[in-house]
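Undergrad: Sequence:
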Amino acid sequence: MNTFKKFLCLISLAFLLSPLKAPSMAWAADAYPIEQAIASFLDTQMKSLPGKATYRIGSINASGLPEGCLAISVTMDTTARAWGKTHVNVRCTSDNPWRIYVPVEIHVLTSYVVSTRPLSAGQLISATDIALHPGDLAEMPQGTLTDLAQALGQLSRVSLPANRPLRADMLRQPQIITQGQNVKINSGGVGFQVSSDGRALNNAATGQLVRVRLASGQTVSGVAQANGTVTVAY
1 MNTFKKFLCL ISLAFLLSPL KAPSMAWAAD AYPIEQAIAS FLDTQMKSLP
51 GKATYRIGSI NASGLPEGCL AISVTMDTTA RAWGKTHVNV RCTSDNPWRI
101 YVPVEIHVLT SYVVSTRPLS AGQLISATDI ALHPGDLAEM PQGTLTDLAQ
151 ALGQLSRVSL PANRPLRADM LRQPQIITQG QNVKINSGGV GFQVSSDGRA
201 LNNAATGQLV RVRLASGQTV SGVAQANGTV TVAY
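Take the sequence shown: its letter number 232 is residue 232 in the working numbering, and every next letter is one higher.
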C-alpha cells in the first residue's frame, strides 16, 4: 500500500472512531404556536371586557428557545393593565421549560363615565352630574368607570371640572353611620339570630368595619350595612 492510500485509511478510521455530537436543543422555536396560544388566551379575556375589544400581539422573540414545546401556558399579571399597552407571560410547562414576556396592545371601544358639570369636593353625585361618553379605554387612565351605577350616590374626593372622565379613586362612599349614632346590631350564627342596640364608636361607610358599644358596656365589631344597621358574625 502506497503512502497516499495509507493516509486515506487513517483519515477514514479517525472519522469512524470520532464521537458524533447530539443535536443542540437551542434551535429557534417556531413562534406560530406561541402566537396561537396568546391569541386563544386573549380571545377568552376579551369576553369579560366591556364594549368591543380588539388586540394586537407584539413581536415574539423565540430565538434560543428549545423547539417542540408540547404545553404552552399564557397568563397575565394581576397588576398588569387590563387594556392599553401591556404584556402577557408565556411559559412552556413540558420538557425543557422556558418563559418569555410578549407585549400586547388591547383596545376597548365602549362608553365611560364623565362629569357633566363642575363637581365640588365632597359633593354627592346625582344622575344629572354624570353621563356616558364613547371612547377607547386604552387611552384612559387605569380605573376609569364604565357604568353610571359606579358613581351614583358616591362623594367626590376632589373638585372636578366638567367633562372629566371619572376614576374610582376620585370617589368615596358616603358615611352611612356616624360616631355616636344609635344603631341596630344584627348578629347570629348556625341556628340563631339576635338583635340588639348600641352606640357607634366610629364613622363608617357601607361595607366598612364599625365598633359598637352595647348597653352592657361590651364593645363589638361588625360591618356597616346600606340600611344603617351593623352585622356581627359569630
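One thing to keep in mind: the hints can contain errors.
[As the list claims (entries may be wrong)] Distance ranges between label pairs, derived from CB positions:
no., residue 1, residue 2, range
1, L148, A31, 19 to 27 Å
2, N202, S126, 25 to 33 Å
3, S73, M46, 14 to 22 Å
4, A233, L124, 27 to 35 Å
5, P103, S159, 36 to 44 Å
6, S159, A131, 43 to 51 Å
7, Y32, T229, 53 to 61 Å
8, E105, G180, 37 to 45 Å
9, P141, L209, 53 to 61 Å
10, Q150, S63, 41 to 49 Å
11, Q208, S94, 27 to 35 Å
Hint data in this document are derived by calculation from the structure and do not stem from the laboratory.
Quick caveat: nothing in here was measured; it's all calculated off a predicted structure.
All C-beta atoms, glycine included, are put in the ideal place defined by N, C-alpha and C.
Undergrad: Determine for every hint whether it applies to the structure shown.
TA: Comparing the hints with the structure gives:
1. Between L148 and A31 the C-beta distance comes to about 43 Å, which lies outside the given range of 19 to 27 Å.
2. In this structure, N202 and S126 meet the distance hint of 25 to 33 Å, their C-beta atoms being roughly 27 Å apart.
3. Checking the proposed 14 to 22 Å range against S73 and M46 shows it holds: the Cβ atoms sit about 19 Å from each other.
4. Between A233 and L124 the beta carbons are some 30 Å apart, a value that agrees with the proposed interval 27 to 35 Å.
5. Evaluation of the 36 to 44 Å hint for P103 and S159 yields a pass: the beta carbon distance comes to about 37 Å.
6. Between S159 and A131 the Cβ separation comes to about 19 Å, which falls outside the hinted range of 43 to 51 Å.
7. Our hint of 53 to 61 Å for Y32 and T229 holds, since their Cβ atoms are close to 59 Å apart.
8. Here the CB-CB span from E105 to G180 is close to 53 Å, at odds with the stated 37 to 45 Å.
9. With their beta carbons about 29 Å apart, P141 and L209 fall outside the hinted range of 53 to 61 Å.
10. Remark: the range hint 41 to 49 Å for Q150 to S63 is upheld by a beta-carbon distance near 45 Å.
11. Between Q208 and S94, the C-beta spacing of about 48 Å breaks the proposed range 27 to 35 Å.
Checked against the numbered hints listed earlier, the structure breaks hints 1, 6, 8, 9 and 11; every other hint is satisfied.
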